[in-house]
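Take each chain as given, in its own frame, and dock them per the hints.
Protein chains in written order, with my numbering: chain A, 41 to 161; chain B, 624 to 804.
Just so you know, these hints were derived from the structure itself, not from any lab. Only a predicted model underlies this, so the values are computations on that prediction, with no experimental measurement involved. Beta carbons: idealized from backbone N, C-alpha and C, even for Gly. Treat the hints with care, as some may be off.
According to the in silico footprint, chain A covers these stretches of chain B (three or more CB under 8 angstroms from chain A) [to be verified]: (1) 640-652; (2) 741-754; (3) 776-786.
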Amino acid sequence: MKSLQELAEIRDKMKGKVALREGHNDIRIVVGMATCGIAAGARPVLSTLVEEVEKQGLGSRAIVSQTGCIGICRLEPIVEVFEAGKEKVTYVKMTPEKAKQVVKEHIKGGTPVYEYTIGEK
Amino acid sequence: MKELSLNILDLAQNSIKAGAKHLSIRLEKRGSWLSVAIADDGVGMSPAFAASAADPFTTTRTTRKVGMGLPLFKLAAEQTGGTFLLESRQASEENPLHGTTVTATFDTNHVDCEPLGDVASTVLALIQGNPELSLTYEFRSETAGQRLSTDEMREILGEEIPLNSPEVLAWAREFLEGETK
Numbered sequence: 041m042k043s044l045q046e047l048a049e050i051r052d053k054m055k056g057k058v059a060l061r062e063g064h065n066d067i068r069i070v071v072g073m074a075t076c077g078i079a080a081g082a083r084p085v086l087s088t089l090v091e092e093v094e095k096q097g098l099g100s101r102a103i104v105s106q107t108g109c110i111g112i113c114r115l116e117p118i119v120e121v122f123e124a125g126k127e128k129v130t131y132v133k134m135t136p137e138k139a140k141q142v143v144k145e146h147i148k149g150g151t152p153v154y155e156y157t158i159g160e161k
Numbered sequence: 624m625k626e627l628s629l630n631i632l633d634l635a636q637n638s639i640k641a642g643a644k645h646l647s648i649r650l651e652k653r654g655s656w657l658s659v660a661i662a663d664d665g666v667g668m669s670p671a672f673a674a675s676a677a678d679p680f681t682t683t684r685t686t687r688k689v690g691m692g693l694p695l696f697k698l699a700a701e702q703t704g705g706t707f708l709l710e711s712r713q714a715s716e717e718n719p720l721h722g723t724t725v726t727a728t729f730d731t732n733h734v735d736c737e738p739l740g741d742v743a744s745t746v747l748a749l750i751q752g753n754p755e756l757s758l759t760y761e762f763r764s765e766t767a768g769q770r771l772s773t774d775e776m777r778e779i780l781g782e783e784i785p786l787n788s789p790e791v792l793a794w795a796r797e798f799l800e801g802e803t804k
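So here's chain B without its partners, still in its complex pose (with noise of 0.2 angstroms):
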């Protein structure tokens, strides 16, 4: 991938392919480290799924036997000496809760980090391809922060217009860029 913010839309996808109803993206920079966190309640992993998930040859792809999501995410993290953590549960009969977080984070000062990139373009591809989803996006650094919550934006908006609305999804890039450049 060129840019983080492809990784998290790939993970977001496999999120969303989980049954995903809740979906949070936080990303949070602090002096050259910047950590990203993707937390859905999916369906979940099993243990041992979970333990292999990233591993190439591990997917739940039917076109191939090869998943690079995970692999490509955690490696991007790993090679500029940063950290990748898989946590995920499926439901069971003493805890209903189930869901994967995935966490990884950066030194952004590492020659072989990749940019973050356009994140607004990725929280903008999720509200256009899951209106229904609840997202919260989330940026935090020392200095600056942001926010989008698509319940807050259903909630000003009303049942009937679709958040992938051209007007609506047109509000929303001027919000994520005005506020991050």
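Excised from the complex, chain A in its bound form (with noise of 0.2 angstroms):
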């Protein structure tokens, strides 16, 4: 069992890292949480994201946020990555499985993956 002690142990572990962290996240990952996109599977979509990213090492890089309804809830879940300098990619129908594939190529490896973006068929 987990207690709340153990966050101050989080805490000392973690004094002096947040603000490395901060400041240069120029990708911005963001999960549609309307009811169309919870029912469609949102949630478990944003939760891969959140671990993959870290997992990843791209905590510095990139932040996973959360929005309303994107308007096109017939293609939920939906994601968007926004890049510093780059075009939005919209990326729909996600999975868990797509999630760890788009932070994996995308994310850290630069090349979008278009067979899941709006765009393509």
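Given below as structure tokens:
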């Protein structure tokens, strides 16, 4: 069983590290979390993105955030990737598996996974 | 929705959109009955809006004219023979209190009852997206109980460490999953 006091250990371990992590999040990964997104499976997509960004060591470069309805509910779960100086990439009908691949190939590797984007069939 | 925990996440998102600073999610299991209460201190609804809020054709959405969050939750409760109650108030000159509470009960033995599902993931999604929110999650049954308060977490962590840091989220997942399983 975890106890609240373990948070004190986390606090001590993280001291000084937080400032390093902030400041240059140049990639923003946004998950649609309105009724339509949630019903279509956005929650596991969100948690996969959060976990994978950390696992791949991208915590200082990419930030995962949530938004409401993006407006194309039949294509939910939708994930948008905003990167400074680049065009927005919109992924549709996402799954945790696809999310893993997007983090690896797009966020880490720099090449969008075009087959999951809105423009592709 | 496939799980009640997804309905809960959906309604909690409404609370956040309504500007809630405090949000409480309380689950109580007694026998086969589960009660779910989601209470916020957001802006609240006008009496007219509250009266029709569980109607799909009432919505604050701007993307289309149908809103399914509250109707789906109401249906999920009523299809088990349970109840649904929405209480909401906006601040007025006489009374500055404002907020919305949605309470529903479910007969978990009923064949049409959605499973509760992964509540831990719902709480984590809320903390991840809203690290500043004061969130209290509570589960009570005859034999077990669990409570997580982000205010208490923040008290220990201090101001420097955001609640949605990966280390803190990982701790919260273990905390929530360790005690329900």
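Hints versus structure:
{"no.": "1", "hint": "640-652", "verdict": "violated (count 1)"}
{"no.": "2", "hint": "741-754", "verdict": "holds (count 7)"}
{"no.": "3", "hint": "776-786", "verdict": "holds (count 7)"}
In terms of the numbered hints stated before, the structure departs from hint 1 and from no other.
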